[in-house]
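The primary structure of each chain is shown beneath.
There are 2 protein chains.
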Amino acid sequence: MRSVQDHLGAVLAAVGPVAPLDVALHDAVGCILARDLVAPRDLPAVAVAARDGYAVAAFETEGAGYASTLTLPVAHDLRAGAATELRLAPGQAVRVASGAPVPLGADAVVPLEETDRGAVRFAMQRPAAAGQHVRPAGADVHAGEVVLAAGTRLGARQIALAAALGFGRLHVHPTPRVVLLSVGDELAEPGSSRPAQGAVFEADGHALDAAVRDAGATPVRVGILPDDRHVLREALEDQLVRADLVVVTGGLSELAGDTVKDVLATLGTVRLDHVAMTPGFRHGFGKVGGERGEDRAVPLFALQGDPVAAQVSFEVFVRPALRAMAGHTELYRPSVAARASHGWAAPVGLRQFVPATVLGTPDEGYRVTPLGDPGAPTVSALAHANALAVVGEQDTVVHAGQTVHCLVLEG
Amino acid sequence: MRSVQDHLGAVLAAVGPVAPLDVALHDAVGCILARDLVAPRDLPAVAVAARDGYAVAAFETEGAGYASTLTLPVAHDLRAGAATELRLAPGQAVRVASGAPVPLGADAVVPLEETDRGAVRFAMQRPAAAGQHVRPAGADVHAGEVVLAAGTRLGARQIALAAALGFGRLHVHPTPRVVLLSVGDELAEPGSSRPAQGAVFEADGHALDAAVRDAGATPVRVGILPDDRHVLREALEDQLVRADLVVVTGGLSELAGDTVKDVLATLGTVRLDHVAMTPGFRHGFGKVGGERGEDRAVPLFALQGDPVAAQVSFEVFVRPALRAMAGHTELYRPSVAARASHGWAAPVGLRQFVPATVLGTPDEGYRVTPLGDPGAPTVSALAHANALAVVGEQDTVVHAGQTVHCLVLEG
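Top line first, the protein sequences correspond to chains S and V. Under UniProt numbering, think of the first position of the first sequence as 1, with each following residue one higher. Under UniProt numbering, think of the first position of the second sequence as 1, with each following residue one higher.
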């Protein structure tokens with residue numbers, strides 16, 4: 001029997017960030033930048049107007065005051081994207097749209113709203129301050145600057161900066177592709193009109209499809225496979241080319257024929273263990289494939305088919321592995337310490353994960369209530385939980401009021 | 001000039017949840033359930049074994065003790081998915097795989113690990129307790145029970161429950177489809193090999209593509225359109241059929257020809273306002289299309305093309321609207337009160353949004369530091385911020401140590 005800690009350690013030692021790739025901006029969203037992004041140019045490239053208005057030389061507007069209106073002739077109109085060679089002639093102004101280049105010799109923009117909006121000449125009521133409503137070249141970013149460091153997660157605001165600098169592709173750790181296989185003669189697809197008597201609706205593949213996306217990775221749900229060694233082997237071999245990770249659920253029952261165990265024994269280095277936890281004590285992890293060099297060997301998890309066991313195992317082992325493969329340094333969900341609303345029994349020697357509701361605030365503290373029977377957690381309890389209460393291997397009981405470590409789940 | 005509060009109120013009054021639809025489980029992930037989900041059957045449908053082992057009548061195992069081994073003959077093997085008519089004969093056992101139906105007359109499962117694993121007869125060391133390792137019919141869910149209430153967000157754990165109950169499709173508010181149009185003659189696609197002199201790389205569409213996904217909606221980035229009324233009108237008319245919401249960025253400059261204003265004036269009821277905020281004071285919002293009945297009129301936002309203004313406006317108005325359209329009741333990002341690390345000036349009469357870094361913990365309190373010049377926020381500052389500091393319309397200065405309200409951004 002292997003401890004949760006040892007098994008997680010073995011998993012994390014075996015996986016690493018997916019090899020970096022240049023991807024289009026759309027595909028880079030949510031990914032981790034694989035190397036520093038260096039500005040190839042100033043941003044903005046030239047001084048631009050921050051408002052619709054008139055570009056002027058500020059010192060020429062000193063005569064404008066509350067008592068005396070100053071008027072200047074308008075020599076040109078410039079829109080955003082206009083060429084930038086224009087030089088302001090002394091005593092003149094250039095009408096500029098927001099985003100347009102400010103002509104050489106101009107150092108201020110008088111907003112339309114502060115003028116009479118004249119097209120040939122315009123009148124202003126007070127002097128302009130040098131620099132007002134002008135974004136100088138390089139005001140955002142100077143060429144050569146590291147604008148985003150390797151390791152940065154690319155959200156909307158980072159994508160905006162990269163796009164503004166002209167990057168159409170970014171060098172990132174792509175999101176891991178996770179192939180999901182559900183094994184079991186008893187399984188029927190949800191929504192099937194006439195499931196066989198005794199059939200069990202397939203929940204794991206659908207749940208893990210959602211969980212993989214929530215972890216920021218890309219699921220490929222292959223669907224239901226029978227307890228058939230030949231079919232499972234073929235499906236695995238077919239899927240390995242597109243997988244960064246494979247998760248097999250079900251097929252681990254000794255009495256159902258050890259399908260998964262037998263197939264994996266011939267395909268790679270997957271090790272089957274009993275892990276000291278509940279729910280879900282049977283675990284397979286290792287690598288499969290890789291004849292073309294160890295680098296292409298693909299990590300594989302085999303999880304018990306019971307949906308609660310599969311989901312808890314996903315949270316405890318697969319999700320941190322996926323986060324590491326995506327290049328994240330923060331692998332774990334947030335956790336809080338919460339006081340138990342009432343007590344329950346825990347099995348000796350096993351780490352117990354209990355679907356639970358955590359309520360409270362950082363100020364007042366948190367309170368945790370297990371949902372259903374902590375000894376037999378249900379799919380329903382898990383669906384209503386917002387956390388997993390974690391009871392250590394040494395504890396045989398949780399007392400009311402005791403502080404319990406809780407993993408906070410999404411939603 | 002309209003206040004931020006009034007504009008947000010008008011926006012939220014005009015949008016509502018997207019009409020519910022039956023969608024496949026995969027497409028329901030992240031959506032809000034539109035009506036209560038009622039269990040059509042018990043879960044499990046029959047009593048099943050929770051472990052690989054032997055199904056027995058507990059009272060017949062009373063003779064097993066630490067001193068005396070009890071052996072029972074094995075009458076059958078049952079795997080998960082087996083038909084369920086079997087009845088246990090007195091004095092016998094049935095070998096059951098985890099997930100297999102427990103025969104009538106049996107009320108306990110003796111785990112393999114506690115036996116000699118015999119196939120014809122097996123030996124056990126201690127009595128079984130009635131109910132042990134058996135999940136009775138309905139242990140998870142009873143037929144007729146509301147298992148998920150309307151309004152529930154469907155994550156992995158809720159999808160697992162729905163799938164286990166046999167639902168292949170769910171009635172949800174589908175994720176809103178958001179059409180993104182970027183208007184401006186000056187715009188060039190990032191990655192273009194030879195942008196024209198003076199060109200500006202298109203950042204808004206790419207940034208909002210990511211921001212829309214982060215808000216849980218589905219972006220359709222149409223891309224760059226010139227400042228041409230005819231082209232913009234055609235593009236809008238083409239896209240309306242697939243849009244639940246349209247966001248146009250750029251084309252609001254008075255001096256660039258008011259393209260957006262002119263086109264929208266003929267297409268619907270979009271109103272152009274100055275909203276009392278910075279950055280980004282020009283705002284369009286209303287509905288377009290809808291000749292086939294007011295219901296198909298599509299809400300539309302017109303935002304300034306400056307990437308900082310566009311993103312701040314997205315955060316303040318578009319994101320809450322999208323959340324409401326997706327059926328969420330929680331519309332806003334989390335916010336914290338933080339003490340300013342140093343002071344800065346704020347414009348009178350405008351609500352100021354400042355890219356900022358918020359650090360701290362609930363226990364120690366939070367500290368907010370503006371990034372760059374609060375009066376001229378840059379794309380780069382926004383990319384490095386983890387929050388927007390919000391300064392009220394009445395404040396003309398923020399003092400060091402003053403408490404500032406901060407919207408916490410993702411990442």
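Please note that a few of the clues may not be correct.
To be verified - Pair by pair, the computed Cβ-Cβ distance ranges are:
# : chain 1 : residue 1 : chain 2 : residue 2 : range
1 : V       : T329      : S       : T361      : 32 to 42 Å
2 : S       : L331      : V       : E364      : 35 to 45 Å
3 : S       : A13       : V       : A196      : 48 to 58 Å
4 : V       : R35       : S       : D27       : 32 to 42 Å
5 : V       : E364      : S       : G191      : 48 to 58 Å
6 : V       : H274      : S       : L331      : 44 to 54 Å
To be verified - Away from chain S, derived, C-beta distances all over 12 Å, residues of chain V:
#  : residue
7  : S98
8  : A150
9  : R153
10 : F201
11 : R242
12 : T266
13 : Q304
14 : H342
15 : R367
16 : G392
17 : A400
No wet-lab data here; the hints were simulated from the structure. All of these numbers come straight from a predicted model, not from anything done at the bench. Ideal Cβ placement from N, Cα and C applies to all residues, glycine included.
Status of the hints after comparison with the structure:
1. T329(V) with T361(S): 32 to 42 Å: violated (19 Å)
2. L331(S) with E364(V): 35 to 45 Å: This hint is violated: roughly 25 Å between Cβ atoms.
3. A13(S) with A196(V): 48 to 58 Å: holds (52 Å)
4. R35(V) with D27(S): 32 to 42 Å: holds (35 Å)
5. E364(V) with G191(S): 48 to 58 Å: holds (51 Å)
6. H274(V) with L331(S): 44 to 54 Å: holds (47 Å)
7. S98: With a cut-off of 12 Å, S98(V) comes too close to chain S, as the shortest Cβ separation is near 5 Å.
8. A150: Non-interface label stands for A150(V): nearest chain S Cβ at 15 Å, farther than 12 Å.
9. R153: R153(V) not clear of chain S: closest Cβ-Cβ about 5 Å, inside 12 Å.
10. F201: Non-interface label on F201(V) violated, nearest chain S Cβ at 5 Å vs cutoff 12 Å.
11. R242: holds (17 Å)
12. T266: holds (23 Å)
13. Q304: violated (8 Å)
14. H342: Label holds. Min Cβ-Cβ 21 Å, cutoff 12 Å.
15. R367: The claim holds: R367(V) sits with its nearest Cβ about 16 Å from chain S, beyond 12 Å.
16. G392: The assertion about G392(V) holds, with a minimum of 22 Å to chain S.
17. A400: Nearest chain S Cβ is 25 Å from A400(V), so the label holds.
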